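**Q** Chains as they are written, first to last, in the working numbering: chain P, 1 to 339; chain D, 1001 to 1339; chain S, 2001 to 2212; chain V, 3001 to 3212.
Note that these hints are calculated values from the structure, not bench results.
From a predicted model like this one, the values you see are computed outputs, not experimental measurements.
All C-beta atoms, glycine included, are put in the ideal place defined by N, C-alpha and C.
Careful, some of the hints might be misleading.
Unchecked claim - Lysine-lysine pairs mimicking DSS-like chemistry, simulated, CA-CA at most 25 Å apart: (1) P:K209 with D:K1258; (2) P:K2 with D:K1209; (3) S:K2071 with S:K2052; (4) P:K209 with D:K1002.
Unchecked claim - Label-pair restraints from in silico Cβ distances: (5) P:E218 with V:A3060: 51 to 61 Å; (6) P:P33 with D:D1015: 49 to 59 Å; (7) P:D127 with D:A1180: 20 to 30 Å.
Said to hold, decoys possible - Partial list, computed: chain S residues near chain D (C-beta under 8 Å): (8) V2041; (9) A2079; (10) S2080; (11) L2126; (12) L2183.
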Amino acid sequence: MKTKKLINDPAAIIDEMLDGMLAAHPQHLMQVPDSPRSIIARDGPRDGKVGLVIGGGSGHEPTFVGFVGRGLADAAAIGNVFASPPPDPILECAKAVDGGAGVLFMYGNYAGDVMNFDMAAEMAAMDDIEVRTVLSTDDVASAPPDRRVDRRVDRRGVAGNFFIFKAAGAACDKMLDFDACERIARKANDHTYTMGVALSPCSLPHTRKPNFDLGPDEMEIGLGIHGEPGVERGPIQSADAVADALMDRILSEMQPSKGDTVAVLVNSLGSTPMMELYLLNRRVKQRLDDIRVGLHATWVGGYCTSMEMAGASISLHHLDGELIEMLDHPCDCAQFRVG
Amino acid sequence: MKTKKLINDPAAIIDEMLDGMLAAHPQHLMQVPDSPRSIIARDGPRDGKVGLVIGGGSGHEPTFVGFVGRGLADAAAIGNVFASPPPDPILECAKAVDGGAGVLFMYGNYAGDVMNFDMAAEMAAMDDIEVRTVLSTDDVASAPPDRRVDRRVDRRGVAGNFFIFKAAGAACDKMLDFDACERIARKANDHTYTMGVALSPCSLPHTRKPNFDLGPDEMEIGLGIHGEPGVERGPIQSADAVADALMDRILSEMQPSKGDTVAVLVNSLGSTPMMELYLLNRRVKQRLDDIRVGLHATWVGGYCTSMEMAGASISLHHLDGELIEMLDHPCDCAQFRVG
Amino acid sequence: MSTIDQARLIDLFNLMADAIEREKDHLCELDGAIGDADHGVTMSIGFSAVRKALSEVNAAHPTDVFNTAAKAFLNAVGASAGPLYATAFMRAGAKVKGQTVLDRTAVADMVTAMADGVRSRGKADLGDKTMLDAWDPAAKAALQALEADRSAAEILSQAADAAEKGATTTIDMMAKKGRSARLGPRSVGHIDPGAASTAILLRAMADGFTAE
Amino acid sequence: MSTIDQARLIDLFNLMADAIEREKDHLCELDGAIGDADHGVTMSIGFSAVRKALSEVNAAHPTDVFNTAAKAFLNAVGASAGPLYATAFMRAGAKVKGQTVLDRTAVADMVTAMADGVRSRGKADLGDKTMLDAWDPAAKAALQALEADRSAAEILSQAADAAEKGATTTIDMMAKKGRSARLGPRSVGHIDPGAASTAILLRAMADGFTAE
Ligand SMILES: Nc1ncnc2c1ncn2[C@@H]1O[C@H](COP(=O)(O)OP(=O)(O)O)[C@@H](O)[C@H]1O
Ligand SMILES: Nc1ncnc2c1ncn2[C@@H]1O[C@H](COP(=O)(O)OP(=O)(O)O)[C@@H](O)[C@H]1O
Ligand SMILES: [Mg+2]
Ligand SMILES: [Mg+2]
Ligand SMILES: [Mg+2]
Ligand SMILES: [Mg+2]
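Required output: the full structure, derived from the provided sequences and hints.
**A** Structure follows, in structure tokens:
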């Protein structure tokens, strides 16, 4: 059976989606002339500010375009469904947001994104734009802790992007210098841990076929946001047991001390409703209370989705004074606001 | 096949969900002591202000609790899944938000809600709280235009609640008197039109069985947000064709003139992702442009859901100067902010 | 036994709870066809709460049982069923106030009071395709049986028969009240779930009463 | 015909596009097992763009064809496949720059240049379970065939044979690059989708060349 979708011609889906986004959020967003897949914040890029370009494949809405705006990303380069954008629209983003203070590229650590963004960075260098790259690698399920030389190099970036981009966007908006922005971006990534669970697949608009198979009573822990297989498959469990499984692994890596403070994101992969997310969050809070870890802020909803995939992820952002300052710094994006 | 859900004991689901909400949004929300299903805005109710109590069954998150906060609803009474709350928690809400200027009850027009809220209103009267009720009846699919004596009395309230509650909440927050608040609430309802389409069912946590059947290539236009049958069932169509079908009916009732202004909500019923919502929004914008109707603001996302139901609705809020003022008035809720 | 004291009444409520538990899925299916598929769940939540409340209450009179059941049911469920059945139970309790055992007259009164409660709470007319279309014939049958000098058991079982017939008549009706009213002609051809649960409850009482 | 001019090269690209269209679902399935299920869609989008661009271009030399194809492919798809195949095409174009027809030496050069492009863009090692495990043996086979004085057609068909074998060897490999690297041991037992598309493309070229 093919997945039902409200779409037109799949070949036009990304451009039509962007039309709909621009129609909905004209105060926040604009397209680079002649480069429609390069989405720029109307209010954000400015002289002397480090520019922040994020991006990646489509299908994760509101990631990435929803996080473009004053105080967060200056631009997003948009790819096809689950496919990195090519270098050209990335380069156009870099050009559009360059304020002479350097441009940060931030995106999830996927081979395709790395190749395309690196090509764009080389092209930007030829235009005298200095680009540095900070990858997000928050998915603790995507490589075991013992398999990293450079601590987390093998890992994917998933919903924790939310915190990582937020910190970097704040640093840029505060007009910190390039070194400081890069340092804070890396620190935010080092301090962010995500783990997810999937209950049912999504499907590409072009095929409308489930992109993986899962038995009628099965769930998969650690599955990627594009349906990449995870670390463990088993019978579906209660919300509390699932939250515990995710929290156990996150906490064992994060190693928080009593009295530490975190921010939490309980994220829907798509069709898992808020009711279930709040059940998970209830258990997250219990677990944090148990170990006397304080809660600075919590977000619950669909922030980094995989179209209609069922499942959820939990992200913990391990805060210090600086990261709290970045998290609380105001931002005003089409689908996300703080302050 | 049973729907997969991340839940614990279904009997405890609402109370656990509320625990998770309170844990996530402590700055915005609190429970009435000894009445956990009565959720109050931390900052909102105050002396001399008309109190606004909304509520209804669960399963539509972020409706209703997500709209509790300064500038919008002062309280929400929460029922079981798809079931009106009983009178007691509604009464406790009324007591908690009463500032001596009257209390407005606002909720979707469903027999169960009407009975329970009316009982609560009678009980409140015994406590010398003056209650008036404004039902939302924005679902144009739920009764034909010719079948209404009192124009829209037979109709359901659905996603258009978003605009209707917003206007009333602003009126209350501006400290307008009871008559004015009631008048604006009614006007907002009269000016709001919603029509939806469902592609696949949701299921109750207790049964995990699909609450209606739809063929693998079928969609249903006008279906209710609890799975109540709609007005027309047929083969699934393109996003543009579906948007047109919904807009045709909405516009034929709304009868906008060239130069009028509207606000738009493109709402997911649950598992329909933002990508598809933006495709619909693209067409909505084209249709408005065609008839020279201006766009004041647009929201795209899951605002009034039916758990994991697939489908979407389009709501148009037909604005005048007063309604624009109400819509733009700041509000700060757990899952919704303006200004 | 031909009368009902407070302990017996508690037994009957427990039997109703058992019957609802058995018919829960069926009631959800009926509600799925023309409503929101939850009537069985709602009735089950409600009667679990009633069972629990009655196991804890110290009831001196049938009225206390009715009032306890009404309050527990209403607060556990809300929905449409909550106010309707709670009002029915409350009216029954008010009607037999002061009586320690319910004789055949009181049993007939109980049924008619319940029907009145549903009517005044829901403000439906006969033929609107609601539970009233089961309660109203049940009340009439109870009164007829009373006038025909039937026993309490017979009064209840004739009320249950009439409720079942009444529920069946809802199949051909077009809904004018409640959630299914929005379907117009598409509501025809389905039994009203509330009428079905009414028949189940009355049958459970009648069977329980006769069995003992 | 034993050489390839720019028109012939466009024909070959169109044949590759046809083959991708046929194998699209299969490639998605392969990618579904250890990746994100889109490789067939990506290749199809890319080759549709290539076909369109080549139908509009005014190419004087094979190099122009390669460069046009590279640019169209890259800009249409991004993803992993985009930079890898685009770099492969670009390198082939650079290698045969100035030549108006590709003789057997140029055909072998073309295959090795493509393999070099994939290697330098992806920085994978042999055995990492990527398309390089098809490209590398293909390049070696092409060189061997050239040294063994084979015709251009034979060079291509031996490269395709080697790519197919190479793709098959990825089944037993554990992925170390690309999306599937995160699966560790769970990536074993599946063919790498990029290696599979490489074999498809080389086979389409070889068959197309021979057929004419
Ligand atoms: N106004 C009314 N008068 C009498 N019965 C009603 C009325 N409205 C609804 N009902 C009954 O309520 C039943 C539905 O109950 P239930 O499913 O528990 O509530 P909800 O509609 O809130 O989901 C209907 O089948 C009908 O019998
Ligand atoms: N570093 C690399 N070197 C060579 N090939 C690679 C590399 N990374 C990925 N690939 C190839 O790309 C293929 C996947 O392509 P595709 O599905 O189009 O991209 P994506 O992974 O972005 O969805 C893999 O099967 C593999 O052959
Ligand atoms: Mg991909
Ligand atoms: Mg209900
Ligand atoms: Mg119901
Ligand atoms: Mg792929």
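**Q** Please test the hint of 51 to 61 Å on the beta carbon pair from E218 (chain P) and A3060 (chain V).
**A** holds, 58 Å
**Q** Between the alpha carbons of K209 (chain P) and K1002 (chain D), is the straight-line distance 25 Å or under?
**A** This hinted pair holds, its Cα atoms lying about 20 Å apart.
**Q** Could one say that the CB atoms of P33 (chain P) and D1015 (chain D) fall in the range 49 to 59 Å?
**A** holds, 54 Å
**Q** Assess, step by step, whether the Cα of K209 (chain P) is no farther than 25 Å from the Cα of K1258 (chain D), and give holds or violated.
**A** violated, 44 Å
**Q** Does K2 (chain P) pair with K1209 (chain D) here, judged by a C-alpha cut-off of 25 Å?
**A** holds, 20 Å
**Q** Report holds or violated for the interface hint on L2126 (chain S), using the least CB-CB distance to chain D and a cut-off of 8 Å.
**A** violated, 17 Å
**Q** Would you check whether A2079 (chain S) satisfies its interface hint, that is, whether its CB is within less than 8 Å of any CB in chain D?
**A** With a closest approach of 4 Å, the A2079 (chain S) hint holds.
**Q** With 8 Å as the cut and Cβ atoms as the points, is V2041 (chain S) at the interface with chain D?
**A** Check passed: Cβ of V2041 (chain S) comes within 4 Å of chain D, closer than 8 Å.
**Q** Taking 8 Å as the limit, does the beta-carbon of L2183 (chain S) come near enough to a beta-carbon in chain D?
**A** holds, 5 Å
**Q** Let me know if the C-beta of S2080 (chain S) comes in closer than 8 Å to any C-beta of chain D, holds or violated.
**A** This interface hint holds because 4 Å falls under the 8 Å limit.
**Q** With a cut-off of 25 Å on the C-alpha distance, tell me whether K2071 (chain S) and K2052 (chain S) pass.
**A** holds, 12 Å
**Q** Is the distance from the Cβ of D127 (chain P) to the Cβ of A1180 (chain D) consistent with 20 to 30 Å?
**A** Given a distance of about 58 Å, which is not inside 20 to 30 Å, the answer is violated.
This entry does not satisfy hints 1, 7, 11, going by the numbered hints stated previously.
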